[in-house]
Amino acid sequence: MSFDAMLPVIFMVLLGIAMLVYVALDGYDLGVGMLMPFANGAEKDTLVASIGPFWDANETWLVLGVGLLLIAFPRAQGVILGALYLPVALMLLGLILRGVAFDFRVKAHDDHRATWNAVFAAGSIIAAMAQGWMLGRYVTGLQDSWATDLFAALISLALPGAYVLLGATWLILKTEGALQLRAIEWARRAWPLFVTVFCLISIVTPIASPTVRDRWFSLPEFFALAPIPLMSALALAAIRGLLNSHRIRGKLCWAPFVLMLLVLLLGFFGLAYSIFPFIVVDQITIWQAASSPATLKIILVGAVLAIPAIGAYTVLAYRVFRGKATELRYA
Amino acid sequence: MDALILARAQFAANMSFHILFPTISIALGWTLLFMRGRWLSTKDAAWLEAYRFWTKVFALTFALGVVSGLTMSFQFGTNWPGYMERMGEVAGPLLGYEVLTAFFLEATFLGVMLFGHGRVGERMHLLATFLVAFGTTLSAFWILCLDSWMQTPAGTEMVDGVVHVTSWLAVLTNPSFPYRFAHMLIASALTVSFLLVGVSAWQTLKGKAMAATPRAFRLGLTLAAFLAPVQIFVGDAHGLNTLQHQPAKIAAMEGVWHTERGAPLLLFALPDEKNHRNNFAVEVPHGASLILRHDPDGEIKGLDEFGSAHPPVRPLFFGFRLMVGIGMLMLFSAWVGMFAARRVAWNLERLPRPLLMLLRAMTFAGWIATLAGWYVTEVGRQPWIAYGLVRTSEVASTVPQSHIAATLAMYVTLYLVLIVSYVTVLRHMAGKPAKEGPVTPQSGKALADIAEVISGSFNKRRILR
Numbered sequence: 004m005s006f007d008a009m010l011p012v013i014f015m016v017l018l019g020i021a022m023l024v025y026v027a028l029d030g031y032d033l034g035v036g037m038l039m040p041f042a043n044g045a046e047k048d049t050l051v052a053s054i055g056p057f058w059d060a061n062e063t064w065l066v067l068g069v070g071l072l073l074i075a076f077p078r079a080q081g082v083i084l085g086a087l088y089l090p091v092a093l094m095l096l097g098l099i100l101r102g103v104a105f106d107f108r109v110k111a112h113d114d115h116r117a118t119w120n121a122v123f124a125a126g127s128i129i130a131a132m133a134q135g136w137m138l139g140r141y142v143t144g145l146q147d148s149w150a151t152d153l154f155a156a157l158i159s160l161a162l163p164g165a166y167v168l169l170g171a172t173w174l175i176l177k178t179e180g181a182l183q184l185r186a187i188e189w190a191r192r193a194w195p196l197f198v199t200v201f202c203l204i205s206i207v208t209p210i211a212s213p214t215v216r217d218r219w220f221s222l223p224e225f226f227a228l229a230p231i232p233l234m235s236a237l238a239l240a241a242i243r244g245l246l247n248s249h250r251i252r253g254k255l256c257w258a259p260f261v262l263m264l265l266v267l268l269l270g271f272f273g274l275a276y277s278i279f280p281f282i283v284v285d286q287i288t289i290w291q292a293a294s295s296p297a298t299l300k301i302i303l304v305g306a307v308l309a310i311p312a313i314g315a316y317t318v319l320a321y322r323v324f325r326g327k328a329t330e331l332r333y334a
Numbered sequence: 269m270d271a272l273i274l275a276r277a278q279f280a281a282n283m284s285f286h287i288l289f290p291t292i293s294i295a296l297g298w299t300l301l302f303m304r305g306r307w308l309s310t311k312d313a314a315w316l317e318a319y320r321f322w323t324k325v326f327a328l329t330f331a332l333g334v335v336s337g338l339t340m341s342f343q344f345g346t347n348w349p350g351y352m353e354r355m356g357e358v359a360g361p362l363l364g365y366e367v368l369t370a371f372f373l374e375a376t377f378l379g380v381m382l383f384g385h386g387r388v389g390e391r392m393h394l395l396a397t398f399l400v401a402f403g404t405t406l407s408a409f410w411i412l413c414l415d416s417w418m419q420t421p422a423g424t425e426m427v428d429g430v431v432h433v434t435s436w437l438a439v440l441t442n443p444s445f446p447y448r449f450a451h452m453l454i455a456s457a458l459t460v461s462f463l464l465v466g467v468s469a470w471q472t473l474k475g476k477a478m479a480a481t482p483r484a485f486r487l488g489l490t491l492a493a494f495l496a497p498v499q500i501f502v503g504d505a506h507g508l509n510t511l512q513h514q515p516a517k518i519a520a521m522e523g524v525w526h527t528e529r530g531a532p533l534l535l536f537a538l539p540d541e542k543n544h545r546n547n548f549a550v551e552v553p554h555g556a557s558l559i560l561r562h563d564p565d566g567e568i569k570g571l572d573e574f575g576s577a578h579p580p581v582r583p584l585f586f587g588f589r590l591m592v593g594i595g596m597l598m599l600f601s602a603w604v605g606m607f608a609a610r611r612v613a614w615n616l617e618r619l620p621r622p623l624l625m626l627l628r629a630m631t632f633a634g635w636i637a638t639l640a641g642w643y644v645t646e647v648g649r650q651p652w653i654a655y656g657l658v659r660t661s662e663v664a665s666t667v668p669q670s671h672i673a674a675t676l677a678m679y680v681t682l683y684l685v686l687i688v689s690y691v692t693v694l695r696h697m698a699g700k701p702a703k704e705g706p707v708t709p710q711s712g713k714a715l716a717d718i719a720e721v722i723s724g725s726f727n728k729r730r731i732l733r
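Line by line, the protein sequences are chains R and X. Per our numbering, residue 4 is the first one in the first sequence, and the count goes up by one each step. Per our numbering, residue 269 is the first one in the second sequence, and the count goes up by one each step.
It should be emphasised that the hints constitute simulated quantities derived from the structure, not laboratory data. Even for Gly, the Cβ is constructed at its ideal location relative to N, Cα and C. Please note: incorrect hints may appear among the correct ones.
Here are some of the chain R residues that sit facing chain X, going by a computed Cβ distance under 7 Å [said to hold, decoys possible]:
# : residue
1 : THR63
2 : PRO90
3 : VAL91
4 : ALA111
5 : SER221
6 : LEU222
7 : PRO296
8 : ILE302
9 : LEU331
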């Protein structure tokens, strides 16, 4: 394959990475947001403190994701964003409410704090449900039928559960004491929901798309690919097991979160393998949708220089705020 | 209403809401860096207080800018699907570089800047503040470069209806970019100046002044007095540039229907789009020709030369006058304020109340002038999305009208609620006496640490003696 023909593949990988990082990072933010109503007054502040220094940069991965879709695949973005017009608007509503509530809840009059806390939780759940709907519609190739709508509806209920599990494991890492105990309890309850999303997507995608079916259920691919679902199942089981262990209150507090990241990574590989080389399942390939090689090369230069730098200072920021979450105070 | 108008209204609503916040955060970032620097070099606690208060304003402003900016990036696709298909070769790299070089930088270091104190050293913290300010300015650079290219395309050619880049250097130095970039950065600085001055004036009038209030007031007023005339000069140069490259926009701004020599400057009029004339005109003879051509009998092209490819007249005509009017008012109030403040040696309590009330009324003047200016420049680009190359109607989406209308109503309601909340919370923060913060185990420990350091240095001194 020539370099020019490779370019759309490279950009599909970049787009995938951006979306994966977004789901992993803003996923825990949104999960923590949805857990707000279950925490008491002081705990609410700790919840916010655990994500406060990060959420802004986390959300930027979504900007990068949609940006890459727009600039690298101009002939697919209209189809995708057009078909998802209403859920996109709802997601934006949710993300706007969540983002502003972060600041308003501590800066507004004390009487209004409860309202902004509610807005924070509501925004998080609206955004998560809208994203679930979009994911459901996307993996079924943006087809319009009652079956795909039903599937999207199921995912829109289940994805918030997945985020809650991710958020709860983040809290196990970032909190201590009574709050950490509650986070473990939250994680136990969210676990079945997450397993549901995972299984649903894995079952429905091959049913909805013959291409995906052929990919997974032909020999010898079936055996070559078996490690992906097997490792995911193992990681999920390990998370459930860890939630019963007292060790995650101490030294292993990072383990459930890291295992969740592993599950997301495996799920991402599975999805990417199913869909490639389509950007709209069974309709538009990445080569049909891509920008001209000249444009992609210019952006690639920037990406090659900038992405390692972004990685480096993201790691720096996470190092600065490592350890248990403490009260957020302005410098 | 047709889908195009709805899509434009929705995009305009979002852009108008969005630009309010970067307009503040671009210059406020640098202002914070200055305040922090003053605190570190003078150890004057009032500067630290100023830094802390305005950091809170910055955090709130930045959050609103981020969420509305996210909306914007989606609306490029949802509202104008043809935009990327036809102009992606220019817009793609510019937007991509904005995200890669600016967005991540500012968003990541914002956390360190806001909450990193005690976790990083003073130099790292200053560096974080610098990088946030730098990121906001860099972001303005990329997006204004793209906007300017849409106004005055250069370095590109059209092949089969699609824009192709022939020279990136020409794209990056397109004719209106230097003027627009300078005009917008100064607009941001002026907006922040009047915000600092206005909030300080409000605090003084309400008897709620903090130690930081006179510092912020003086900083804001000095900046305003210096920048208001500079902005008028830059604005004039920008106008001459527009005359050269987008004469239809100037004709609409000045209400010139028919090409004429010695065109008058209209101070006020009601442009009549049907009959191509101005009613109730109050004019300065030869004024427009003198300003735009630097010759009282210079020729100004009229709207009739552009057929139907000219922008609507009223929004430009009034938007321009609103912007210029506020600019003049800024110059006046900043200079009168400087004069009066120097006479009372910056003792705000002794400033005449009417002056304080005027400055308080000007708190958000920068917002109104900036919005008016952007309406002139963007409505003035119509009916083109890229001037002379592609029409806005050619790239609009085919989403059902009802969807656009419903989401438009949602966005507008949300934005109105958020603007009211923003101003209310700003007022609440400005009126709150500087709070030391609750004594927590952590702050208790910090106090103990400080006590130890102090006693330690005492001991050292004793030893040295």
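Evaluation of the provided hints:
1. This hint holds: THR63/R has a C-beta 5 Å from the nearest C-beta of chain X, less than the 7 Å allowed.
2. Annotation: interface hint on PRO90/R violated; nearest CB of chain X at approximately 11 Å, more than 7 Å.
3. Given the 7 Å rule on beta carbons, the hint for VAL91/R holds: about 6 Å separates it from the nearest Cβ of chain X.
4. For ALA111/R, the interface hint holds, the least distance from its beta-carbon to any beta-carbon of chain X being 5 Å, beneath 7 Å.
5. The beta carbon of SER221/R is not positioned within 7 Å of any beta carbon in chain X (closest approach about 35 Å), and the interface hint is therefore violated.
6. Below 7 Å, beta-carbon pairs count as interface contacts, and LEU222/R has none with chain X, the closest being about 40 Å; its hint is therefore violated.
7. With 7 Å as the threshold, the beta carbon of PRO296/R stays out of range of chain X, its nearest partner Cβ sitting at about 11 Å, so the hint is violated.
8. The beta carbon of ILE302/R comes within 4 Å of a beta carbon in chain X, closer than 7 Å, and the hint placing it at the interface holds.
9. The closest approach between the C-beta of LEU331/R and any C-beta of chain X is roughly 5 Å, which is under the 7 Å cut-off, so the hint is satisfied.
Checked against the numbered hints given earlier, the structure breaks hints 2, 5, 6 and 7 and satisfies all the rest.
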